[in-house]
Amino acid sequence: MDPRTRIRNYFDQVVPDSVSDEEDIFARGLVDSMFGMQLVAFVEDEFSIVVEKNDLDIRHFSSIAALAAFVEAKLGLAHPEAGNGPPAD
Amino acid sequence: MDLRLTDKQQACRDAARRFAVDELEPWAERIDQEDATPRSVLAAIRASGYLGAALPAKWGGGGIDPVSHGLVTEEIGKVSASVRGLLTVHNMSTQAIVRFGSPEQQARWLPPLCAGRKIVAFALSEPEVGSAAHTIQTQAVERGDGYVLTGVKRWITYGMVADLFLVFAQCEGKPVALVVERESVGLEIEPLTNVFGTRGSMLAQLRFNDVRVAKDCQIGPTGAGITFVANAALDHGRFSVAWGSTGIIQACLHACLSYAQKRQQGESRLKDYQLIRRQLADMLVAHTTARALCYRSACLREQGDPRAVMETSMAKYHASASAIRAATDAVHLHGANGCSADYPVSRYLRDATVMGIIEGTHEIHQLALANYAFQRPYLQG
Numbered sequence: 001m002d003p004r005t006r007i008r009n010y011f012d013q014v015v016p017d018s019v020s021d022e023e024d025i026f027a028r029g030l031v032d033s034m035f036g037m038q039l040v041a042f043v044e045d046e047f048s049i050v051v052e053k054n055d056l057d058i059r060h061f062s063s064i065a066a067l068a069a070f071v072e073a074k075l076g077l078a079h080p081e082a083g084n085g086p087p088a089d
Numbered sequence: 001m002d003l004r005l006t007d008k009q010q011a012c013r014d015a016a017r018r019f020a021v022d023e024l025e026p027w028a029e030r031i032d033q034e035d036a037t038p039r040s041v042l043a044a045i046r047a048s049g050y051l052g053a054a055l056p057a058k059w060g061g062g063g064i065d066p067v068s069h070g071l072v073t074e075e076i077g078k079v080s081a082s083v084r085g086l087l088t089v090h091n092m093s094t095q096a097i098v099r100f101g102s103p104e105q106q107a108r109w110l111p112p113l114c115a116g117r118k119i120v121a122f123a124l125s126e127p128e129v130g131s132a133a134h135t136i137q138t139q140a141v142e143r144g145d146g147y148v149l150t151g152v153k154r155w156i157t158y159g160m161v162a163d164l165f166l167v168f169a170q171c172e173g174k175p176v177a178l179v180v181e182r183e184s185v186g187l188e189i190e191p192l193t194n195v196f197g198t199r200g201s202m203l204a205q206l207r208f209n210d211v212r213v214a215k216d217c218q219i220g221p222t223g224a225g226i227t228f229v230a231n232a233a234l235d236h237g238r239f240s241v242a243w244g245s246t247g248i249i250q251a252c253l254h255a256c257l258s259y260a261q262k263r264q265q266g267e268s269r270l271k272d273y274q275l276i277r278r279q280l281a282d283m284l285v286a287h288t289t290a291r292a293l294c295y296r297s298a299c300l301r302e303q304g305d306p307r308a309v310m311e312t313s314m315a316k317y318h319a320s321a322s323a324i325r326a327a328t329d330a331v332h333l334h335g336a337n338g339c340s341a342d343y344p345v346s347r348y349l350r351d352a353t354v355m356g357i358i359e360g361t362h363e364i365h366q367l368a369l370a371n372y373a374f375q376r377p378y379l380q381g
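For the record, the sequence lines run as chains V and C.
According to the numbering used here, the residues represented by the first sequence are 1 to 89, in order.
According to the numbering used here, the residues represented by the second sequence are 1 to 381, in order.
If we strip away everything but chain V, and leave its shape as in the complex, we get:
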């Protein structure tokens, strides 16, 4: 299963409303401030990666698509054109 699908499945379980892949769950007020650390723990546990201090950009964690791009970059699966930086504002 690709990272985006695994992340979508997790969001389906933990975000208390259905969201599209691009929707910002923090901006929509669907999650609280503790959820950021929960997401960090989830991606570290699920994908056996380490979220480094320079990865701590809330935009990486704000949507399914952003988190999938972040995880794919960490796993070296990113498409060359996607880049490794956070999504643009």
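Worth double-checking, as some hints may not be accurate.
To be verified - Partner residues aside, some chain V positions facing chain C, computed with beta carbon under 10 angstroms:
no., residue
1, M1
2, D12
3, V19
4, D21
5, Q38
6, L39
7, V43
8, E46
9, F61
10, E72
Treat the hints as calculated values from the structure; they're not laboratory data.
Nothing here was measured: the structure is a model prediction, and the numbers come from that model.
The beta-carbon is built from N, C-alpha and C at its ideal position, and this holds for glycine as well.
Following the hints, complete the assembly by docking chain C onto the known chain V.
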């Protein structure tokens, strides 16, 4: 599922119990009454290794597992909630450096922090900002190769003795976390005394008057100060407060068992009155359930389970609320004696009340736990 402690965990708990009884208990009332932790007690804590007990062995910490750390915290919290507060703020602030510090920052600060040679305090709250941490008003303005820090931090536990402060501020609207030295020019530190509970925790107000902080004192990237750095530290803080609250419940139960056994009223001793027995039963259940949630939180943390964040919130909420109820009952059970300084139960009640406020008020945890109730993974077991 095996609920028995390992030999190592039992040894950890027993050693902490001996330390608490020998080094802290003789001072616990005085710490409360005099609004301060004596230097000799601070020296004993520094020498004990408990400041760095849960910090990485790589940097000189004890490297003990979460269950052992919890048991140590419960034993110390049972005797003195004030002293437990020192372990809490030091560990949570240092853990933020462990998690988010650069290799250079770790090499600079972790050895003295893990060894207890330096103490670090957590500086988030402000006179006008408590639960809404994202609205902090302290400003960090970039200037040259660093920041200029301006603002006021309040209710800083052990701020009167800390060598370093983990300070949270806004940098052009984005939160940053900065390590600030006590000796920094422009930093004024004032004591806050005569507080309701945890009176010996040497609270301070910090006033930053254009304090210069070097760029290499920033922990984590700009923008991550609250969501990641503060929240990660607070997660450790909640774990500690949960276990400390469990210690208060245990202290209440022990005090009440002893008093009910000895105290004669009319034809019977207190322990034989049915309504007293109900209070004792409620305290026993409160202690057992609080500790069970603490164990659950510890096990999930050990495994790196994503549920650990909210399970720790649940443990903190339940344990602190239960501690307030147990301490209220303990005061009632002691009657007029419970309202005097001759018995420790009034201190337990004042300390327990603080547990319901720090590291997230009951109401903040209720809101967060309601969100968690909508998550399905919490049902997994």
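Checklist entry - Per the CB criterion, is F61/V less than 10 angstroms away from chain C? => result holds, 8 angstroms
Next on the checklist: Let's test the interface hint: is any C-beta of chain C closer than 10 angstroms to that of E72/V?
Outcome noted: violated, 19 angstroms
Checklist entry - Taking the closest Cβ pair, is D12/V under 10 angstroms from chain C? => result holds, 8 angstroms
Checklist entry - Taking 10 angstroms as the limit, does the beta-carbon of L39/V come near enough to a beta-carbon in chain C? => result holds, 8 angstroms
Checklist entry - Hint check: is the beta carbon of M1/V less than 10 angstroms from a beta carbon of chain C? => result Result: violated, 17 angstroms to nearest chain C Cβ.
Checklist entry - Does E46/V meet its interface restraint, that is, does its C-beta lie within less than 10 angstroms of any C-beta in chain C? => result holds, 8 angstroms
Checklist entry - Do the numbers back the hint for D21/V, that is, is its least Cβ distance to chain C under 10 angstroms? => result violated, 19 angstroms
Next on the checklist: Does V19/V hold up as a contact with chain C if the rule is Cβ-Cβ below 10 angstroms?
Outcome noted: Since chain C brings no Cβ nearer than about 13 angstroms to V19/V, farther than 10 angstroms, the hint is violated.
Item to check | Restraint check, 10 angstroms cut-off on beta carbons, for V43/V near chain C | outcome: holds, 9 angstroms
Item to check | Per-residue hint verdict: Q38/V, partner chain C, C-beta under 10 angstroms | outcome: holds, 5 angstroms
Against the hints set out earlier in the document, violations occur for numbers 1, 3, 4 and 10.
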